[in-house]
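According to our numbering, the stretch in the sequence shown is residues 2 to 89, in order.
Derived by calculation from the structure, the hints in this document are not laboratory data.
Do not rely on the hints blindly, as some may be mistaken.
Simulated crosslink set (EDC-like; lysine to aspartate or glutamate; CA at most 20 Å straight-line) [said to hold, decoys possible]: (1) Lys20 to Asp44; (2) Lys7 to Glu33; (3) Lys20 to Glu33; (4) Lys7 to Asp31; (5) Lys7 to Asp37; (6) Lys7 to Glu62; (7) Lys72 to Glu56.
Model, not experiment: these values are computed from the prediction.
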Amino acid sequence: MTTIRKTITVTAQQDSYIKAQVEAGHYTNDSEYFRDLIRRDQDSDIAAIRAALSEGEASGEPRPFDLAAFKKRMMSTVQRTAGRLAHG
């Protein structure tokens, strides 16, 4: 896998925390710490998508979707909101 060098800025407190993580043996260097944060964030996103898919599958049989009715409801909502903001 190709790596790309990035430069980031952290506070002194954040730098101390990162150094403590490395010194404690949790990571071999600063870059590994940040890569782990990114992996965890990506895993969290994937878990959220999987949970949403499971919820959708468990919600029952699909129902017909009326696109024209949906657009009409959304336009009505937008117009009401815009009216409240204009008179607001």
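If any of the earlier hints don't hold here, list their numbers in rising order. Those not satisfied are hints 1, 6 and 7.
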